[in-house]
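**Student:** Read off the chains here:
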Amino acid sequence: MLFYIFAALAILSGAYMVLTRNLLYAGFSLLLTLLSIAAIYVLLFADFVAVTQLMVYVGGVLVLILFGIMLSSRVHDKSVMSENTNVGWGVTISMLTLIGLSYTIWQAGFSSLPWIQQGDTNVLAGQKSTVQLIGIKLMTDFVLPFEIASLLLLIALMGAAYIATEKQNV
Amino acid sequence: MLAFLLTLMLLLGIVIVLAYAERKVAAFMQDRMGPTEAGPYGSLQSVLDVLKLLQKEDIVPAAADKKLFKLAPILIFAAVFAGFAVIPFTPDLIPAGIGIGVFYLLAIISLDVVGLLMAGWGSNNKYAMLGAMRSVAQIVSYEIPAGLAILSVVMICQSLDFQEISYQQGILLNRFSGLEFETNWLFGIEALGINTTNIGGITTWNIFRAPILLVAFVIYFIASLAESNRAPFDIPEAESELVAGFHVEYSGFRFAVLFLAEYSMMVLVSLVAVILFLGSWNTPLPNLTALKFANWTTGTVGELSGILWGGFWLLSKTFVLLFLQLQIRWTYPRLRVDQLMHLCWKVLTPVALGIVLLAGIWRLLMV
Chain E
1 MLFYIFAALA ILSGAYMVLT RNLLYAGFSL LLTLLSIAAI YVLLFADFVA VTQLMVYVGG
61 VLVLILFGIM LSSRVHDKSV MSENTNVGWG VTISMLTLIG LSYTIWQAGF SSLPWIQQGD
121 TNVLAGQKST VQLIGIKLMT DFVLPFEIAS LLLLIALMGA AYIATEKQNV
Chain R
171 MLAFLLTLML LLGIVIVLAY AERKVAAFMQ DRMGPTEAGP YGSLQSVLDV LKLLQKEDIV
231 PAAADKKLFK LAPILIFAAV FAGFAVIPFT PDLIPAGIGI GVFYLLAIIS LDVVGLLMAG
291 WGSNNKYAML GAMRSVAQIV SYEIPAGLAI LSVVMICQSL DFQEISYQQG ILLNRFSGLE
351 FETNWLFGIE ALGINTTNIG GITTWNIFRA PILLVAFVIY FIASLAESNR APFDIPEAES
411 ELVAGFHVEY SGFRFAVLFL AEYSMMVLVS LVAVILFLGS WNTPLPNLTA LKFANWTTGT
471 VGELSGILWG GFWLLSKTFV LLFLQLQIRW TYPRLRVDQL MHLCWKVLTP VALGIVLLAG
531 IWRLLMV
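Quick mapping for you: the protein sequence lines, in order, are chains E and R.
Note that our numbering has the first sequence beginning at 1, numbered continuously upward.
Note that our numbering has the second sequence beginning at 171, numbered continuously upward.
What the hints contain is simulated information worked out from the structure, not anything from laboratory work.
Glycine is no exception: its CB is placed at the ideal position from the N, C-alpha and C atoms.
One or more of the hints may lead you astray.
[Stated by the list, open to error] The calculated label-pair distances, taken between Cβ atoms and stated as ranges, are:
hint	chain 1	residue 1	chain 2	residue 2	range
1	E	E166	R	M199	22 to 30 Å
2	E	I155	R	S421	44 to 52 Å
3	E	A164	R	G530	24 to 32 Å
4	E	F142	R	N365	17 to 25 Å
5	R	F174	E	L113	55 to 63 Å
6	E	M95	R	E352	35 to 43 Å
7	R	I229	E	L152	46 to 54 Å
8	E	V143	R	Q328	35 to 43 Å
9	R	V517	E	G159	20 to 28 Å
10	E	S72	R	F482	50 to 58 Å
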């Protein structure tokens with residue numbers, strides 16, 4: 001029941017975000033979408049993922065987007081409006097994606113997959129959260145991707161700092 | 171639902187006392203009397219202030235973005251109030267005891283920022299806009315040293331659960347499921363050979379279990395001042411430059427909500443500081459041989475005495491920190507923007523990174 005409420009919220013706010021012309025409203029409805037998706041994660045026992053989603057997307061990405069809109073807007077004393085371009089291509093590609101996804105989901109036949117049938121609702125099995133498990137996995141099985149991701153982020157950080165620096169004595 | 175109402179009542183009570191304390195402390199520091207008329211020593215002043223605010227007209231500026239303007243105070247208060255959900259008030263009273271409480275708190279507070287931007291933009295006022303921009307820039311920057319200071323505590327305690335961190339800092343350590351066989355050593359080092367598990371009191375607070383956390387506490391406290399827009403970090407609300415910052419256009423009930431959110435933020439950051447560094451709801455008095463001060467001032471868990479003592483210690487420590495915040499406000503001049511950013515990025519963040527490293531090493535010594 002809760003799942004349907006949050007799913008409906010996510011879909012409605014997502015649709016509003018796409019359909020509204022006002023970029024700022026789109027940004028704020030993205031907040032609602034992200035919150036409902038975080039709630040769905042919680043319902044799936046993925047508490048760590050839910051909070052990380054809030055931390056990264058709401059605390060970081062969304063604030064960055066809003067800052068970008070607010071700093072670049074108001075030039076003509078009007079809220080930024082998005083325009084419709086490439087209607088034909090946009091519709092074609094999104095329809096193709098929809099068909100592809102639906103076909104894949106249809107083909108997968110979720111109810112007959114063995115791991116779902118054997119799935120246990122008591123996922124946490126006495127543990128209080130998934131953090132310990134995630135930590136152990138990250139430091140053993142997935143240590144290489146983890147380290148590569150951190151290296152990539154460091155490079156991005158240095159690049160951003162370099163671009164933002166004023167070139168004084170070149 | 172009961173937890174919601176109780177927390178809200180408690181919060182309103184604390185905020186009203188705090189608003190009164192702020193005026194009195196300010197007055198005494200400036201050699202004035204402060205409010206004296208309403209009630210004995212003017213103690214009803216803040217209650218009357220709230221009543222006055224509720225009666226005022228709720229003005230929505232004609233040129234404002236009405237939807238955002240109306241929604242913003244609710245979002246800001248909801249974000250701050252949601253943080254209280256994971257705060258343990260006594261050994262067995264916590265609104266929502268989730269296992270990743272610390273992480274949740276950090277994430278939910280960042281929702282506050284979105285509300286601030288909404289308020290600043292919705293007001294359609296350049297002072298409000300500038301105030302919101304400054305406020306958000308400041309909060310986002312100071313989250314980093316605050317987050318690193320909290321991270322060092324998490325590394326020492328090996329837990330993201332506020333309640334588990336609380337239990338670790340007192341004589342009730344072995345009462346927490348999963349910690350039955352843990353022992354606390356003086357300064358966390360077993361080689362010193364002083365077992366403080368049954369001494370409790372101040373010797374088992376995090377700042378004593380790992381003295382390095384004392385530095386982390388100072389960093390967290392400075393950063394938390396900035397996060398709640400308190401002086402000396404109050405450039406978002408600098409009266410002499412920006413009139414009042416992001417809430418300049420708000421009046422009546424909506425202003426009351428913003429005001430409440432701001433003071434709740436102060437209470438929340440102080441509560442977190444107390445829980446993470448200053449022993450949470452544990453008593454500061456240690457057991458000294460025959461004088462079992464810690465046992466006497468802890469009460470029995472699960473009974474009324476435990477709840478009362480726990481709440482008493484938590485709130486009194488929080489009020490000490492809140493008093494410190496007020497005192498700092500009336501002692502230090504406001505920082506300039508460049509000084510603010512210099513302090514955050516070039517002083518606090520590197521020091522906090524060093525503390526995280528040292529906390530990791532200390533944890534290895536503790537094992």
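**Student:** Quick check on a hinted range of 22 to 30 Å for E166(E) and M199(R), using CB atoms only.
**Tutor:** Violated, at about 42 Å.
**Student:** With 46 to 54 Å as the target window, see if I229(R) and L152(E) comply at their CB atoms.
**Tutor:** holds (50 Å)
**Student:** That 17 to 25 Å hint for F142(E) and N365(R) (C-beta), does it hold up?
**Tutor:** Violated, since F142(E) and N365(R) (Cβ atoms, about 39 Å apart) do not stay within the stated range.
**Student:** Assuming the hint says 55 to 63 Å, is it satisfied by the Cβ distance from F174(R) to L113(E) or not?
**Tutor:** violated (40 Å)
**Student:** Is it true that the C-beta distance of V143(E) to Q328(R) lies inside 35 to 43 Å, as the hint says?
**Tutor:** Violated: the Cβ-Cβ distance is about 20 Å, outside 35 to 43 Å.
**Student:** Evaluate the given range 50 to 58 Å for the C-beta pair formed by S72(E) and F482(R).
**Tutor:** holds (52 Å)
**Student:** When you take the CB atoms of I155(E) and S421(R), is the distance between them in 44 to 52 Å?
**Tutor:** holds (49 Å)
**Student:** At the C-beta level, are V517(R) and G159(E) separated by a distance inside 20 to 28 Å?
**Tutor:** holds (25 Å)
**Student:** Tell me if the beta carbons of M95(E) and E352(R) are separated by a distance inside 35 to 43 Å.
**Tutor:** 59 Å Cβ-Cβ, so the 35 to 43 Å window is violated.
**Student:** 24 to 32 Å was suggested as the range; check whether the CB atoms of A164(E) and G530(R) agree with it.
**Tutor:** Because 31 Å falls inside the window, the suggested range holds.
In terms of the numbered hints stated before, the structure departs from hints 1, 4, 5, 6, 8, listed from lowest to highest.
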